[in-house]
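A.B. asks: What follows is each chain in one-letter form.
There are 2 protein chains.
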Amino acid sequence: MPKKVLIVGGVAGGAGTAARLRRLDETVEIIMFERGGYISFANCGLPYYISGVINERDKLLVQTEEAMEERFSIDIRLHSEVTAIHRDTREVEVVSSGQTYRESYDYLVLSPGASPIIPSIPGINREGIYTLRNMADVDQLKALVTEKKPRRAVIIGGGYIGIEMAENLKHLGTDVTIVEAAGQIMGPLDVEMARVVEKTLMDKGIEIILNDGVKSFDGQGNIEVALSSGRKVEADIVLLAVGVKPENRLARNAGLAIGERGGIKVDDCLRTSDPYIYALGDAIEVKDIVNGQPALIPLAGPANKQARIVADNIAGRKVEFKGSQGTSIIKVFDLTAAATGNNEKMLQLKGTPYAKSYTISPSHAAYYPGAIPMIVKIIFSPEGGTLFGAQIVGKDGVDKRIDVLATAVRMGLTVYDLEELELAYAPPYSSAKDPVNMAGFTAANILKGDVRVMHWEELDNLLEDSYILLDVRTDKERQQGYVEGSVHIPVDSLRKRLNELPRDKRIIIYCKIGLRGYIAYRILVQNGFDAVNLSGGYDIYQALLY
Amino acid sequence: MPKKVLIVGGVAGGAGTAARLRRLDETVEIIMFERGGYISFANCGLPYYISGVINERDKLLVQTEEAMEERFSIDIRLHSEVTAIHRDTREVEVVSSGQTYRESYDYLVLSPGASPIIPSIPGINREGIYTLRNMADVDQLKALVTEKKPRRAVIIGGGYIGIEMAENLKHLGTDVTIVEAAGQIMGPLDVEMARVVEKTLMDKGIEIILNDGVKSFDGQGNIEVALSSGRKVEADIVLLAVGVKPENRLARNAGLAIGERGGIKVDDCLRTSDPYIYALGDAIEVKDIVNGQPALIPLAGPANKQARIVADNIAGRKVEFKGSQGTSIIKVFDLTAAATGNNEKMLQLKGTPYAKSYTISPSHAAYYPGAIPMIVKIIFSPEGGTLFGAQIVGKDGVDKRIDVLATAVRMGLTVYDLEELELAYAPPYSSAKDPVNMAGFTAANILKGDVRVMHWEELDNLLEDSYILLDVRTDKERQQGYVEGSVHIPVDSLRKRLNELPRDKRIIIYCKIGLRGYIAYRILVQNGFDAVNLSGGYDIYQALLY
Ligand SMILES: Cc1cc2nc3c(=O)[nH]c(=O)nc-3n(C[C@H](O)[C@H](O)[C@H](O)COP(=O)(O)OP(=O)(O)OC[C@H]3O[C@@H](n4cnc5c(N)ncnc54)[C@H](O)[C@@H]3O)c2cc1C
Ligand SMILES: Cc1cc2nc3c(=O)[nH]c(=O)nc-3n(C[C@H](O)[C@H](O)[C@H](O)COP(=O)(O)OP(=O)(O)OC[C@H]3O[C@@H](n4cnc5c(N)ncnc54)[C@H](O)[C@@H]3O)c2cc1C
Ligand SMILES: CC(C)(COP(=O)(O)OP(=O)(O)OC[C@H]1O[C@@H](n2cnc3c(N)ncnc32)[C@H](O)[C@@H]1OP(=O)(O)O)[C@@H](O)C(=O)NCCC(=O)NCCS
Ligand SMILES: CC(C)(COP(=O)(O)OP(=O)(O)OC[C@H]1O[C@@H](n2cnc3c(N)ncnc32)[C@H](O)[C@@H]1OP(=O)(O)O)[C@@H](O)C(=O)NCCC(=O)NCCS
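Line by line, the protein sequences give chains W and A.
If you read the first sequence in the working numbering, its first letter stands for residue 1, the second for the next number, and so on.
If you read the second sequence in the working numbering, its first letter stands for residue 1, the second for the next number, and so on.
Simulated from the structure, these hints should not be mistaken for lab results.
Quick caveat, the model's predicted, so the values are computed rather than measured.
Check the hints yourself; a few may be wrong.
[To be verified] Computed cross-link-like contacts, DSSO-like style, restricted to lysine-lysine with a CA-CA straight-line distance of at most 30 Å:
hint, chain 1, residue 1, chain 2, residue 2
1, A, 142, A, 3
2, A, 170, A, 59
3, W, 4, A, 3
4, W, 287, A, 448
5, W, 395, A, 331
6, W, 331, A, 448
7, A, 265, A, 287
8, A, 287, A, 350
9, W, 245, W, 322
10, W, 476, A, 59
11, W, 395, W, 59
12, A, 395, W, 59
13, W, 448, A, 3
14, W, 318, A, 448
15, A, 496, W, 3
16, A, 331, W, 331
17, W, 395, A, 395
18, A, 322, A, 287
19, A, 318, W, 448
20, A, 215, A, 345
21, A, 4, W, 448
22, A, 395, A, 204
23, W, 199, W, 149
24, W, 448, A, 322
25, A, 4, W, 496
26, W, 448, A, 287
27, W, 245, W, 232
28, W, 59, A, 170
29, A, 199, A, 142
30, W, 3, A, 448
31, W, 204, W, 476
32, W, 170, W, 245
33, A, 199, A, 170
34, A, 448, W, 4
35, A, 3, W, 496
36, A, 448, W, 322
37, W, 448, W, 505
38, A, 245, A, 215
39, W, 59, A, 476
40, A, 245, A, 265
Please construct the entire structure, taking both the sequences and the accompanying hints into account.
C.D. replies: Here's what the structure looks like:
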């Protein structure tokens, strides 16, 4: 008797499992249930279709029901919601066109995804407030922007979807305000990196309101978004994008174990607490490979990889999912911001000791046209130098460096390994010392004690008269702005002017990006001074200020 | 007494060593000898200055003598050639402005680089034949193209420098012919990958002559390049770019050990056979980290990294250079070609068993505008799947994937590791399954026996009637061209038409890129057929043909 496998959810996790399972086994009976009207759509493309950057709706349909049935011989049931699991009889209950029926299984796969969080705010149910998850949502929004051409949009939540929507609505000429309850947008980044993204958004004419939540949605016709601060923002349309939560209802009602973060609990083979039921994608809790803790990582890359693993296990192979690291990236107009692994906020929460280093490197050889600096932040173990995470903001070449660093994080590499990576260099692509190498050099220097660094935020905790701030940039750079109270000796005349510096105070050095500060540090320390270099230099200082 | 260190050569390796050594030790006396008139110039940028893509000569001077002296307190001696090493007294002999003098050292560093190979061909010394290595060369060539505007250039040698010069001369409106003695240009690539580059060059109007060498340079005024085949090509200017050889004369004359490839022999700490003499850069032989054999890898990335290591060792730290892998990349008009690790030619030469796999993936999500396919070739151990090397040609995003693969090669990762890499995905940057993941999936499937692949070149060795060729592409694709003698059943109707296929012959499947061929393979084999999938599909077939 061939196996019978039921799959709940027909997009990244579900359709991926179905396709791989069919490749592995021609005989297994596969039925895929999808509550909505489409399988295999490009969730990640939805914001770009709204603006017309993706200009045809069909492009969003990576695979249609008919094509998938033909190629993979899958029984696909659209508009069919699985409403209950009867684990004792190994059956599910399906509601379709008002009919309810049962379908039996040998194995059940749950890939129901995650749903937008809808906070219970007064007025939340009124017209004009949207979320964006699927084709139905996008059709509604597309019709709205096409027909009504909203003048003012308020986006609640400054995460990936909120920011992508901000950009795409702005393309359409809509005035956009992002309201974010936290002190920064872009949770995966730490605050100083997020500041760069915020600045870009503001430069593009998007208003950002931080540290403020929505109290209520009021008004007639147009929506008046009333904030906790007392402020009110008018909108023709509101997009709720305050995050997603695992769709765990089906699993929970069936008594399957649910993890501490609310995701369906699975073992290393992605099996739930019931050995006949697998789960994957946005709905599950995975192991964060950096800190070993359960995490919710609602991203398409992991979902697609998990799909292959679930199919393998059902086909009788024992394959494990080792965990996830949350590598993510976003285009913000001409800026790219990306992150992988753990950020400072996460490490602080867990009480994990860490060190960090900033470097600012050109996207390719500075002497070849078009080189644009990117800020690279790496976070690593102060002991062995194992990489915990990385964040980059810049324009060109950010995606390349985050992928190399993501590979490094995944493989448990250290900052010393980054020093040695032999990456491809020709002038249009990189420098002989790639930004990733540079990050490695700088971090290794810190760990080896060749330089002592400080971070701008630490300045606040120092007594004003315990140190002096030394600016080692050129006269020209100095003229364009400097930190109040700093003394100025360009690095190239430092050796000659050592007598101008105090020997009883700590000298906190800064330059533009940290490089010349490091050279100055080496000169000072070898001449008996007590010095420290500000990591990332004036550029990070300015990012923090903006 | 402070140490006294002499450095021969003032560019990548030499200047890099000097800078790092100064940072490590303020007291050491450093004298850097440079035969030419410039230190720290951007060798790699030279071709782009000739065309004006790099529009200012000054941009090529990454660091000037004065600036370097000021910042690093280095005694820089231009136009000073080191002509001999007296190891017994630890002195070098220096010739400068016709004067000869000696300078003593505690440590000597050799970074003299590699010089263009000048084959002994009749007429080689006549006017109008150039090489490109340094500022003097570039000044001469720049003057020539500016004043004389050569109409026809012949470039001897289809390596990196030859191709970059071809592109840049073409930009200036010069007709360019590349003459290459081997059967392909671009040695680091295997032939089928090189074909794509050749095709691009020809599409851009550059003539390529393969399998032909220069017999003599004749003619009056203009140069008549006479080839072994009997063919003659007229040129106003000839660029010799047939490779470089390590500058080992100084070392050889001093009795230092020279390796089998002609490079200066060094140990893991980059020390020559004399413990007081270090050597680095293009002049040395390094260990190929893939095959452990000595190799010449004249690239700027390794030279710069070795510089730090030499300085560290002289400063008393024991640091090893683990070896090199020859990661390289080139822009060829709008194409990018890149390679890392060992190619097939190298593995065949060494008799190392290997497997290979081709995948063709879009640079980013196919549904987002601007996605362009790239061909990814990976070569790996047929046993454990350890990656031996990778080659990619495409347009966008080639540099990113080669860097991830270079990291994988360096760290000894397997194709199974590539399957798991969690790379950054948003539609403008990649796909949920990145091209690197796809390469991993496909290779892992081969190793696990889930698919049996064949390569186009193997077809030649099969008996015509031992197999049938099955085209599983769509009707539309078929109409646009197919392999002579193939039968046609689109993959999506395969299950229904199995009875049309023979059970006594091997079925060799092809589609466009290999993906649908793999799906067809799974269907056929599970239905009892003997099948094999052509890796890389029709696209690789066409690349091989062009
Ligand atoms: C606007 C947007 C942009 C995004 N951008 C990115 C990006 O750039 N990069 C990235 O990595 N990720 C991105 N994501 C996230 C990515 O799409 C998800 O991580 C991925 O789709 C998760 O796959 P899944 O199978 O778990 O869930 P989904 O793809 O959401 O599929 C779940 C499906 O299950 C169906 N379903 C649920 N319950 C039932 C039921 N009981 N019965 C029947 N059917 C059911 C749902 O209708 C849904 O279609 C984005 C998501 C959105 C919404
Ligand atoms: C046109 C061109 C393009 C290139 N493009 C790339 C690229 O895209 N990517 C890449 O990775 N690499 C590229 N390279 C190679 C790269 O430039 C070299 O690998 C790197 O410069 C090697 O550094 P080095 O210190 O060993 O030698 P060099 O940089 O060549 O420096 C050696 C110096 O030593 C001097 N010298 C030699 N002998 C003596 C002596 N006896 N006394 C005093 N001085 C001496 C020479 O005058 C020379 O200036 C390119 C090279 C060229 C020429
Ligand atoms: C469309 C969909 C059903 C396709 O599933 P799929 O067939 O597993 O995936 P792909 O088309 O990417 O093909 C990958 C398979 O082809 C193989 N393959 C890829 N290129 C190949 C080549 N050149 N030669 C041979 N095999 C190749 C891979 O090995 C893999 O097979 P495997 O999993 O058995 O190892 C699924 O990806 C989907 O629903 N996607 C849209 C939804 C989504 O992901 N949304 C979130 C992102 S927007
Ligand atoms: C110009 C040249 C002398 C510079 O040498 P250098 O000072 O060692 O190199 P860089 O300017 O790249 O700086 C790298 C140093 O700054 C440090 N650094 C870089 N960014 C930093 C930052 N933000 N904060 C602190 N330190 C930083 C690095 O750690 C490294 O120091 P280390 O080696 O002591 O660890 C040398 O690279 C050269 O001659 N280049 C031109 C020739 C050439 O390479 N040609 C071939 C390619 S075209």
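A.B. asks: The structure should be examined with respect to each hint, and the outcome stated for every one.
C.D. replies: Checked hints:
At roughly 42 Å between alpha-carbon atoms, residue 142/A and residue 3/A are farther apart than 30 Å, so this suggested pair is violated. This hinted pair checks out: residue 170/A and residue 59/A have alpha carbons roughly 22 Å apart, not beyond 30 Å. Simply put, residue 4/W and residue 3/A have alpha-carbon atoms about 77 Å apart, too far for the 30 Å limit, and the pair is violated. Of the pairs offered as hints, the one joining residue 287/W and residue 448/A holds, with about 27 Å between alpha carbons and a cut-off of 30 Å not exceeded.
About 20 Å separates the Cα atoms of residue 395/W and residue 331/A, which keeps this hinted pair within 30 Å; it holds. Between residue 331/W and residue 448/A, the direct Cα distance comes to roughly 38 Å. Violation of the 30 Å bound is thereby established for this hinted pair. With a CA separation close to 10 Å, the supplied pair residue 265/A and residue 287/A stays within the 30 Å bound. Simply put, residue 287/A and residue 350/A have alpha-carbon atoms about 15 Å apart, close enough for the 30 Å limit, and the pair holds.
For the given pair, residue 245/W sits about 22 Å from residue 322/W by alpha-carbon distance, which is consistent with the 30 Å threshold. Taking the CA atoms of residue 476/W and residue 59/A, the gap is about 19 Å. The hint holds against a cut of 30 Å. Annotation: proposed proximity of residue 395/W to residue 59/W holds, straight-line Cα distance about 26 Å (limit 30 Å). Between the alpha carbons of residue 395/A and residue 59/W the distance comes to roughly 22 Å, so the proposed pair stays at or under 30 Å and holds.
Distance check on the hinted pair: residue 448/W and residue 3/A sit about 23 Å apart at the alpha-carbon level, within 30 Å; holds. Under the criterion of a C-alpha separation no larger than 30 Å, the hint pairing residue 318/W with residue 448/A is consistent with the structure, at around 13 Å. Under the criterion of a C-alpha separation no larger than 30 Å, the hint pairing residue 496/A with residue 3/W is consistent with the structure, at around 22 Å. Between the alpha carbons of residue 331/A and residue 331/W the distance comes to roughly 25 Å, so the proposed pair stays at or under 30 Å and holds.
Of the supplied pair hints, the one linking residue 395/W and residue 395/A holds, its CA atoms being roughly 18 Å apart against a limit of 30 Å. The straight-line distance between the Cα atoms of residue 322/A and residue 287/A is roughly 7 Å, inside the 30 Å bound, and the hint therefore holds. With a CA separation close to 13 Å, the supplied pair residue 318/A and residue 448/W stays within the 30 Å bound. Taken as a hint, the residue 215/A and residue 345/A pair is honoured in the structure, with Cα atoms around 27 Å apart against an allowance of 30 Å.
Using a Cα cut-off of 30 Å, the hinted pair residue 4/A and residue 448/W holds, with the two alpha carbons roughly 25 Å apart. For the hint linking residue 395/A to residue 204/A, the alpha-carbon distance of about 15 Å falls within 30 Å, and the restraint holds. Taking the CA atoms of residue 199/W and residue 149/W, the gap is near 26 Å; set against the 30 Å cutoff, the hint holds. A threshold of 30 Å between alpha carbons decides the hint, and for residue 448/W with residue 322/A the separation of about 19 Å falls inside it, so the pair holds.
Proposed proximity of residue 4/A and residue 496/W is supported: the alpha carbons are some 22 Å apart, at most 30 Å. Proximity of residue 448/W to residue 287/A is assessed by CA-CA distance (about 26 Å); at most 30 Å being required, the pair is judged to hold. Simply put, residue 245/W and residue 232/W have alpha-carbon atoms about 28 Å apart, close enough for the 30 Å limit, and the pair holds. For the given pair, residue 59/W sits about 38 Å from residue 170/A by alpha-carbon distance, which is inconsistent with the 30 Å threshold.
Distance hint between residue 199/A and residue 142/A is fulfilled; the C-alpha atoms sit about 28 Å from each other, no more than 30 Å. The hinted pair formed by residue 3/W and residue 448/A meets the criterion: a straight-line CA distance of about 23 Å does not exceed 30 Å. Between residue 204/W and residue 476/W the alpha-carbon distance is near 29 Å, which keeps this suggested pair within the 30 Å criterion. The suggested pairing of residue 170/W with residue 245/W holds, with an alpha-carbon distance near 27 Å, which does not exceed 30 Å.
Distance hint between residue 199/A and residue 170/A is fulfilled; the C-alpha atoms sit about 15 Å from each other, no more than 30 Å. Between residue 448/A and residue 4/W, the direct Cα distance comes to roughly 25 Å. Compliance with the 30 Å bound is thereby established for this hinted pair. Restraint check for residue 3/A and residue 496/W: satisfied, since their Cα atoms lie roughly 22 Å apart, inside the 30 Å limit. Our distance criterion of 30 Å between C-alpha atoms is met by residue 448/A and residue 322/W, whose separation comes to about 19 Å.
Between residue 448/W and residue 505/W the alpha-carbon distance is near 23 Å, which keeps this suggested pair within the 30 Å criterion. Distance restraint check for residue 245/A and residue 215/A: the Cα-Cα separation of roughly 21 Å lies within the 30 Å cut-off, and the hinted pair is therefore satisfied. For the given pair, residue 59/W sits about 19 Å from residue 476/A by alpha-carbon distance, which is consistent with the 30 Å threshold. At roughly 14 Å between alpha-carbon atoms, residue 245/A and residue 265/A fall within 30 Å of each other, so this suggested pair holds.
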